[in-house]
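Visitor: Chains A and B are the protein sequences, given in the same order.
Just so you know, our numbering puts 217 at position 217 of the first sequence, and the rest follows in order with no gaps.
Just so you know, our numbering puts 566 at position 193 of the second sequence, and the rest follows in order with no gaps.
Simulated from the structure, these hints should not be mistaken for laboratory data.
Heads up, the beta-carbon is just placed ideally off N, CA and C, and yes, glycines get one too.
Hints are supplied without guarantee of correctness; some may be wrong.
Stated by the list, open to error - Away from chain A, derived, C-beta distances all over 12 Å, residues of chain B:
| # | residue |
| --- | --- |
| 1 | Q382 |
| 2 | N441 |
| 3 | G456 |
| 4 | P459 |
| 5 | R467 |
| 6 | G495 |
| 7 | Y619 |
| 8 | T635 |
| 9 | D639 |
| 10 | L644 |
| 11 | L652 |
| 12 | V654 |
| 13 | G679 |
What the hints assert, rightly or not - Cut-off 25 Å, straight-line C-alpha distance, at most; resulting in silico cross-link-like pairs (BS3-like, lysine-lysine):
| # | chain 1 | residue 1 | chain 2 | residue 2 |
| --- | --- | --- | --- | --- |
| 14 | A | K285 | A | K366 |
| 15 | B | K453 | A | K9 |
| 16 | B | K512 | B | K499 |
| 17 | A | K222 | B | K453 |
| 18 | A | K213 | B | K512 |
| 19 | A | K371 | B | K501 |
| 20 | B | K583 | B | K626 |
| 21 | B | K607 | B | K581 |
| 22 | A | K371 | B | K653 |
| 23 | B | K682 | B | K583 |
| 24 | B | K653 | B | K581 |
| 25 | A | K222 | A | K366 |
| 26 | A | K249 | A | K9 |
| 27 | A | K371 | B | K669 |
| 28 | B | K607 | B | K653 |
| 29 | B | K583 | B | K499 |
| 30 | B | K512 | A | K9 |
| 31 | B | K682 | A | K9 |
| 32 | B | K453 | A | K213 |
| 33 | A | K371 | A | K285 |
| 34 | A | K9 | B | K501 |
The chain contents come next:
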Amino acid sequence: MSRITAIFKAITRNWLRSRSGLFFSFLFPVMFLLVFGSVFGNTNASGYTLYVQNNDACPGSSPCFSQNFIGALNSTKVVVVNSPILAPSVNVTAFIQSHSRFFGGNPRVLVIPSGFGANVSRGLPVNVTYISSPADQLGPVVGGVISEVANGFNFQVAGARRVVGLSHESSSARALKNVDFYVPGLTAAFMMTNGVIGLTSIASEFRRSGVTKRLSATPLRKYEWIVGNVLSQAVLALLLALVMIALAKVAYQSNVSLDGYTIAALVLGAILFSGIGMTLAGLVKDPEAASGLGNAIAFPMMFLSGTYWPVDIMPTFLQSFARVLPLTYLSDGLRDSMILGDYSAALTNMLVVSALAVVFVLLGAKVTIWKER
Amino acid sequence: MGESAVRVQHLVKRYGDLVAVNDISFEVQPGEIFAFLGPNGAGKTTTVEILECLRPLTSGEVTVLGENVADAPGTARIKKRMGVLPQDFNALRRLTVRENLELFAAMYDNPASVNELIEVFGLQEKAKVRFDALSGGLKQRVGVAAALVNNPDLVFLDEPTTGLDPEVRRATWEVIRGLRGRGKTVFLTTHYMQEAEELADRIAIIVKGKIAAIGTPGELIKTYGGERTIVFTKGGDTVFGTLRRYFDNVAAKNGDVLLPYTQTRDVEVALNALTERGLKVEIALRSPTIEEVFLKLAGFRITAEGEAK
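With the rest of the complex left out, here is chain A (with noise of 0.2 Å):
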């Protein structure tokens, strides 16, 4: 045991004395929740922009329908008018043409009639213009909310009343932002990366220096080294976890929480993480080989894992391949205890990961040369 601990506490030193071993263990990932924090973070609570161009002229004394219409649209907090508003001379193609963008698509225009207050006053029917792409997915939504308003003008010039109305409640007991999504995710994916790509490429490198040959000449044994690997691992993610659950807490208000599953997920997900780092840096004689190989596999895993966009948004052949990668269970497996409090779809994921954990761990075993040909 007190070797393990001495492995264990040098490792870790080692480790964390590398300058690249510490951006990628933590500084990295925590780049990566700031800008995905800060980029998708809030869309859910700014709401959709509208563009408005009013050319209807306000009468000084009796009530302005028009701006009504506007301030009504602006309550319903899911559309956001874009102020200033539109002046009557500006040309709406041509401003859409000028203002579409790469990501945003094409920008959602209201155009509100000349003379639309003085019809409203009078029962007089009136259109009001909706313009959208049909690339932009949220261009019905928004016109569908436009429809809405445009309703309660209608109740409210006929005088009557709402016969059907609509209660609100929210589906989960937390509630969940973008960035809650990008704790669990960003942890399991940077846990990946440190034992398929670091501890890969530092056991590879132990090898080739000789570290690996100069301890297997002392009385350690085999299993007390991959044990103190392993140990390590787990304490970096760890520490991972928390670095990450705090920063979301204080810069997003993350309800993320960390509880025993959380921490049991973690432990189990360095440790197979850490079999995959040791199979590898055993299978690869060359340190640059092995950590080649490594990246190789740990970039296409992060990204088909879920852990920027969910694997149910991919495409099903895409799918069926997230389902064999290790990463998508532990992302899933954490999702599950850290932000759903879902224990069992936990335990089920859990499973998995254990099961993956068990094999690489006793390959990596394997594969490690304590003792030459």
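Place chain B on chain A using the hints.
Guide: Positioned in the frame of chain A, the structure of chain B alone reads:
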């Protein structure tokens, strides 16, 4: 102790078709420095690693400190009592000298004091320096210190001074001599003739997986070194002519006169002959070295890099 520190009988090691060690037998006595001398690829490291229980043997019988290297409990006991300095010793790069020595110490039940080792090896000022910031000589010194961290009875030093500059090499030799002073048995491999001659109580000359000769440096030189030579420095033609009457094998080279001899009597005859003629000369006696022994046995020399030439 009574038992041999190392006992090797008919050891063979094959890698596929290649025979790296071809039926060698030798013993190392407790308390001696025993050197394996040979070029790269002769089978030195393979043999050492078999003795260190890091490599299985193909056939033959090897006992180290009375334990069979082929059996697991024996191996575990050997590892507790041996110290190892591998070729190109490396420790954990980003740990300090002290942290690395403490790591090695933690592998044993009753380790030596790390503080004491640091002092003995003059590493006090480097104790807090990271291993990767050390020079080659200092790394090697840490390696020797690490090899002694368990107070071993037997120390294996595989090419302990390869790649070191001459000054550091001499300093390392002092350290190795000190080991004998502390009662350790030392098994050393080297391709440096001078190193073997200076340090070893006994030398085994290993060529192409076989032991060509084994003995003390004196025995080897006596048996294989050939004749000793009297050199009459700048003796010239007169000296040459005089000695020629008594000895057929006298030779002149660069103004020096060289007289190979086998008995002390020959020296007397030569000196008397010259004195009778009133010739005053400066003389030097030249003995063959291990280098000549090696050349005679192997048929080639070894370069500084350890290659056969």
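Visitor: Checking each numbered hint in turn, tell me which of them this model violates, lowest number first.
Guide: 3, 4, 5, 19, 20, 21, 22, 24, 26, 27, 29, 31
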